[in-house]
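Participant: For the record, the sequence lines run as chains A and B.
Mapping to our numbering: the first sequence position 3 is 5, numbers consecutive.
Mapping to our numbering: the second sequence position 228 is 242, numbers consecutive.
Hints listed in this document are in silico derivations from the structure and should not be mistaken for laboratory results.
A hint or two may mislead.
Unchecked claim - Covered stretches of chain B, as calculated for chain A (at least 3 residues, CB under 8 Å):
hint, region
1, 144-153
2, 286-297
Said to hold, decoys possible - Okay, derived cross-link-like pairs now, DSS-like style, lysine-lysine, Cα gap no bigger than 30 Å in a straight line:
hint, chain 1, residue 1, chain 2, residue 2
3, A, LYS267, B, LYS159
4, B, LYS92, A, LYS267
5, A, LYS267, A, LYS120
6, A, LYS120, B, LYS143
7, B, LYS294, B, LYS92
8, A, LYS267, B, LYS294
9, A, LYS120, A, LYS132
10, B, LYS143, B, LYS159
11, B, LYS294, A, LYS120
12, A, LYS129, A, LYS267
13, B, LYS294, B, LYS159
14, B, LYS92, B, LYS159
15, B, LYS92, B, LYS143
16, A, LYS132, A, LYS267
Stated by the list, open to error - Here are some of the chain A residues that sit facing chain B, going by a computed Cβ distance under 7 Å:
hint, residue
17, PRO87
18, GLY112
19, GLU265
20, LEU272
Don't be surprised by glycine CBs; every beta carbon is placed ideally from N, CA and C.
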Amino acid sequence: MEIFVQQVVSGLATGGIYGSVALALVMIYQATDVVNFAQGEMAMFSTYLAWSMLNAGVPYWAAFFATLAVAFVGGLAIERVVIRPVENAPVLTIVIVCIGLLVILNSVAGWLYSYIQKPFPSPFPAKPFKIGDIFFGAHDLGALGVTLLVLVVLYVFFRYTTLGLAMRAAAQNPVSSRLCGIRVGWMLALGWGFAALVGAVAGMMIAPIVFLDPNMMSGILIYAFASATLGGFTSPGGAVLGGLIVGVTENLVGTYVRFIGTELKLTVALAMILIVLLVRPSGLFGRVAVHRV
Amino acid sequence: MRRGQGWLRAIPPAALALGCVLPFLLSNFRLFQFTQVGIYAIALLGLNILTGYNGQISLGHGAFYALGAYTTAIMIDKWNVPYGWTIPVAGLVCLAVGFLFGIPALRLEGLYLALATFALALAVPQILKYFEYWTGGSQGIVLSKPEPPLGLGLSPDQWLYFVTLGVLVVLFVLGANLLRGRTGRAIVAIRDNPIAAQAMGVNSALYKSLTFGVSAAYTGVAGALSALAIAFVAPDAFNVFLSITFLVGIVIGGLASISGAIFGALFIQFVPNWAQEISKAAPWAMYGIFLIVFMYVMPRGIAGSLWLAWTRLARVGRTGRAG
């Protein structure tokens, strides 16, 4: 029983991280109909920036927020410079450009920081908590808390601020929004900025668990894809919930299903994506896309 | 037929003649590189049939390359099958698996197919390592290079080159005929306007899964040849970057173009080698930049741009003579 509860809690912690990467994917998808294949690498790159600052002696939380700022500006810049020229191009073109971005970020990180794994500090105490008879990793709980905090902030932003409202409007109906005086192009860029920021939080929370290296996000990205597909690419809340479900499932399957263990983790994610896409392509909470022909 | 096209018709035989002379001019190492070019060209043609002509995005064709390579390696390693027989078998296995994967792919349009195949590409090395009894786990399988038939007086490298060249010519002729005819028009029609294609009586579902199968078969044959050429297969060679390399190849060579497969193969074989001299990471940074820049300025790749240049030159020539 204790093992079960521990696995569920640590599943929730990693699930929260998958959920936040999934949330970043969904934010970009909703605003621009692009699935950002470079999302994971953007998060990885931000995490390296944080590592550089920490290495230079900057205190953790200062480095944390500085990284968020840089990630936000970086995401904004990528939308303006790289994505905007192909905004209305066919899907294949956009996918190829995102893949291009992925390999550039991956190799530049490898170039600057080498491919050797680096430890990344956690802001939370190393000593585990004991509640009842069960131990909980402080980092697990902390990561879960940070993820939930980010969600609440985003929810408040999109629900109660004028800018958030403008961004939602631009995503939902670009033409009418433009008529109301909303600068739709900039709203999309802001969407990329926020997605990069959420990705950076996820990167800094996962790095203490998986260690820092240029390929650290590839596994997480596929889980985030699975989460977003499960929750539905049109539903931000669904993406997060999908992340939690995927995280817990991953841990329980890894512990209790002998033949899968940890060796077929990615295959489990692949199977989840395929099953969801085949059985319920819009995901658990997504809207069914209706196309006019 | 427009004037000037007669010249173009001479290019494939000339290229083939050049291909036949190459092994007697180059060192073994260079020749091995050209064998690789041939192998990549076959794989790229396969991917191009699916992505370029049929419009189904695959970011996971490395999986079929791996399947072909492992089919050959396992047949030789476990059952001592003569290597010549393993190539068609690898093609058939990939045809079947590709066709089956094509069925769920029918329901995944555009982005979702890209996503599912991307996940497939990421999962391949793990799957290969898992079935350790068959695949030798992360150690892989070591093969020996095929011996050339006695009496030809060829070195193993030269023989392998000619085998690859032969397979390449057969598959390219087949592919060109397939794409030129009724089937090819159906494949392209599905890409350009699926609804209109169906209204014209094209069985979209059947054609799409068949295209997936054929595409996978081409890539599988290429994988089988690569297992023979390198004489070694290991899971980590078939990671997600292999699939991305193929994507780079068809984008640079030219989407929906047969000659593009050759240009793309030359690019992915030689350019990274030169870039490697700068840094280990440089080839990939360059791939990324090329991908994005080509999408902006040369969306039809090298083949498309050459064609454009040729038609413009021909037009200038004509008006020059007329005036």
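Participant: If a hint holds in the structure, say so; if it does not, say that too.
Facilitator: Status of the hints after comparison with the structure:
1. With 1 residues bearing a CB less than 8 Å from a CB of chain A, the region 144-153 of chain B misses the requirement of three and the coverage assertion fails.
2. Check on the region 286-297 of chain B: 5 of its residues sit with their Cβ under 8 Å from a Cβ of chain A, so the three-residue criterion for coverage holds.
3. As the CA atoms of A/LYS267 and B/LYS159 are separated by approximately 35 Å, the hinted pair breaks the 30 Å bound.
4. Between B/LYS92 and A/LYS267 the CA atoms are separated by roughly 28 Å; this keeps the pair inside 30 Å, and the hint holds.
5. This hinted pair checks out: A/LYS267 and A/LYS120 have alpha carbons roughly 23 Å apart, not beyond 30 Å.
6. For the hint linking A/LYS120 to B/LYS143, the alpha-carbon distance of about 25 Å falls within 30 Å, and the restraint holds.
7. Only pairs whose Cα atoms come within 30 Å are accepted, and B/LYS294 paired with B/LYS92 is rejected, the gap being roughly 36 Å.
8. Distance check on the hinted pair: A/LYS267 and B/LYS294 sit about 29 Å apart at the alpha-carbon level, within 30 Å; holds.
9. Our distance criterion of 30 Å between C-alpha atoms is met by A/LYS120 and A/LYS132, whose separation comes to about 29 Å.
10. Between B/LYS143 and B/LYS159, the direct Cα distance comes to roughly 24 Å. Compliance with the 30 Å bound is thereby established for this hinted pair.
11. At most 30 Å may separate the alpha-carbon atoms for a hinted pair to count; B/LYS294 and A/LYS120 meet this at roughly 19 Å.
12. At most 30 Å may separate the alpha-carbon atoms for a hinted pair to count; A/LYS129 and A/LYS267 meet this at roughly 28 Å.
13. About 29 Å separates the Cα atoms of B/LYS294 and B/LYS159, which keeps this hinted pair within 30 Å; it holds.
14. Between B/LYS92 and B/LYS159, the direct Cα distance comes to roughly 16 Å. Compliance with the 30 Å bound is thereby established for this hinted pair.
15. Taken as a hint, the B/LYS92 and B/LYS143 pair is honoured in the structure, with Cα atoms around 17 Å apart against an allowance of 30 Å.
16. Proposed proximity of A/LYS132 and A/LYS267 is supported: the alpha carbons are some 29 Å apart, at most 30 Å.
17. A least Cβ separation of about 6 Å between A/PRO87 and chain B falls short of the 7 Å threshold, and the interface hint therefore holds.
18. Taken as an interface hint, A/GLY112 checks out: its beta carbon lies about 4 Å from the nearest beta carbon of chain B, inside 7 Å.
19. With its C-beta approaching chain B no nearer than about 5 Å, A/GLU265 sits inside the 7 Å limit, and its interface hint holds.
20. Residue-level restraint check for A/LEU272 holds (minimum Cβ-Cβ distance to chain B is 4 Å; threshold 7 Å).
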